[in-house]
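Number of protein chains: 2
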Amino acid sequence: MAKLDPATVQLESLIHAVQSNMSFIEVTSAFKWADIGWHVPPGVRADFEIKYVARGQIALQQAGLSIAGSPGDLFFLDNQKGHSCEHGTFTLFSFGFNVAQNAPEGKRLYEQIQAIFAKLPQKLKLDIHGRMIRRYTELNKEISVRSFGYEVNLKCLMVQLLIEVMRICLVIRSSASNITPYQYNKYTDLISDIIVYLQENAGEHIDLHELGGKYMLNPRYLNRIFKGATGFPIFRYHQMIKVEKAKKLLSTSGLNLLEIAMELGFESSQSFSKFYKKMTLITPSEYRKMLKESE
Amino acid sequence: MAKLDPATVQLESLIHAVQSNMSFIEVTSAFKWADIGWHVPPGVRADFEIKYVARGQIALQQAGLSIAGSPGDLFFLDNQKGHSCEHGTFTLFSFGFNVAQNAPEGKRLYEQIQAIFAKLPQKLKLDIHGRMIRRYTELNKEISVRSFGYEVNLKCLMVQLLIEVMRICLVIRSSASNITPYQYNKYTDLISDIIVYLQENAGEHIDLHELGGKYMLNPRYLNRIFKGATGFPIFRYHQMIKVEKAKKLLSTSGLNLLEIAMELGFESSQSFSKFYKKMTLITPSEYRKMLKESE
Chain A
1 MAKLDPATVQ LESLIHAVQS NMSFIEVTSA FKWADIGWHV PPGVRADFEI KYVARGQIAL
61 QQAGLSIAGS PGDLFFLDNQ KGHSCEHGTF TLFSFGFNVA QNAPEGKRLY EQIQAIFAKL
121 PQKLKLDIHG RMIRRYTELN KEISVRSFGY EVNLKCLMVQ LLIEVMRICL VIRSSASNIT
181 PYQYNKYTDL ISDIIVYLQE NAGEHIDLHE LGGKYMLNPR YLNRIFKGAT GFPIFRYHQM
241 IKVEKAKKLL STSGLNLLEI AMELGFESSQ SFSKFYKKMT LITPSEYRKM LKESE
Chain B
296 MAKLDPATVQ LESLIHAVQS NMSFIEVTSA FKWADIGWHV PPGVRADFEI KYVARGQIAL
356 QQAGLSIAGS PGDLFFLDNQ KGHSCEHGTF TLFSFGFNVA QNAPEGKRLY EQIQAIFAKL
416 PQKLKLDIHG RMIRRYTELN KEISVRSFGY EVNLKCLMVQ LLIEVMRICL VIRSSASNIT
476 PYQYNKYTDL ISDIIVYLQE NAGEHIDLHE LGGKYMLNPR YLNRIFKGAT GFPIFRYHQM
536 IKVEKAKKLL STSGLNLLEI AMELGFESSQ SFSKFYKKMT LITPSEYRKM LKESE
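Taken in order, these protein sequences are the chains called A and B. Going by my numbering, the first sequence opens with residue 1, and the numbers climb by one from there. Going by my numbering, the second sequence opens with residue 296, and the numbers climb by one from there.
Warning: the hint list may mix true and false statements.
[As the list claims (entries may be wrong)] Not everything, but these chain B residues come out facing chain A in the computed CB check (under 7 Å):
#	residue
1	I331
2	V454
3	Q455
4	S548
5	M557
No wet-lab data here; the hints were simulated from the structure. Beta carbons are placed, not taken as given, at the ideal position from N, Cα and C, and that holds for glycine.
Bound conformation, chain A alone (with noise of 0.2 Å):
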């Protein structure tokens, strides 16, 4: 893995931190809003602030600094500090959480976020403006509605949003990425649809050029692309998937090779077992018999 962004490194922090203590964390509130400004003063309302610009220009002050805000920054803010924004034509989208300090693991999981947030950079510029959007509209329709199992629902969907911040990050901010933020939104779920086409015709010969008439995309550049966000080319990422389908029928299904074969689009077991050695080093049967003796 290729040294990471120090951003990135905080942001995985943050969402491990989250994840293990996830029942001290509270979504206190997810909003948009427009032009009318505010003053926090400190340690009031949310202990943590998360805040995404989605238009027009902001003046935020924390701590007597004033930071300009544009569409795509993300502010990090502890609100032990206390903030302020002016008034002025501008949207945005915020989240607050509190983290419970009645326990002792919460109390330490407070300072944790809090020497966190003071390492991140207070403003973050993101280029992924309509992912960002969906995000925050998830967390405000669920705050909204508040239906059945909501307050754990909405760690979840903040949890998701730090790691779709922290993939971004680690496209626009890594120099060993060798994908575009441009390509990244273009792209994300373009690439999973062909994993999962891939893994759903495991047994089917798949064609590059095919492929790429079905995406309207040069199957080459499509290749690198793939390649790019998944580190293999796609012919190699389909022989990966076999194996493991191979592997998964051998060990649970009481198919015979000939069936598993025929199953993974081959012409015989034997070419199925070549195949199978070449990746695994080691054969079919040999992997069965090994099964069988660890039970």
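Based on these hints, arrange chain B on the given structure of chain A.
Same frame as chain A, now just chain B:
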């Protein structure tokens, strides 16, 4: 709150157990499976599996019992007992998760989930097809692509799937609910859309006929569904949103009463104050004074 169906109660316990101890949970598999039977010996593979029948018929065996499954059925499987299924004509979705038992809390969690699974019906009949398939497909994509943070994301997706199942159960298994599964399926997204619309138009007059036209539904029918889902008719809900927004503006914005009244669609600060007092029993000025004093 009305008395809950026993399955809903168990699902709630499961969700609670998982979210309180998320770091001990690992989603180990998520896949779509067709036609080929399987045999999972006791204690092998994932600790627990939850399977959804999407097409066809299955005959599932567990602990000497055979249970027939058809589209819409959700199976809860404790793999300590093992389970198997015959070849057939079917498609199902499955995900499996493990509980790390190296620490005492993990061991306790495992036993807790095992007890919940023992009390859950092995098969739960759900009528909400599209939503379940969408949830399972999300899990499937996430585990296939394995992007940064996927382990945590998978747990969140699992919890969200369980919450959706719980909400469906609440509708279809609770006699207290006045929403049919058909309405749940059809209108859940609609209701949250309307709520967000009401929030974004807190200062506008809401015309029920216009709203009905927007969603191509009889306005009275729309209002009835909305009340069934939220407990309040649309007009009343809009008033409650106005109060919430008023409180927010009074507490943080620095706007004066007339400005807030205008923002919320009142013609004067007097009519705003009258409305606010009717809803909260104190006037906006009194509320602001209270806040000042408590700082």
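Task: Index of numbered hints that the structure contradicts, given in increasing order - done: 5
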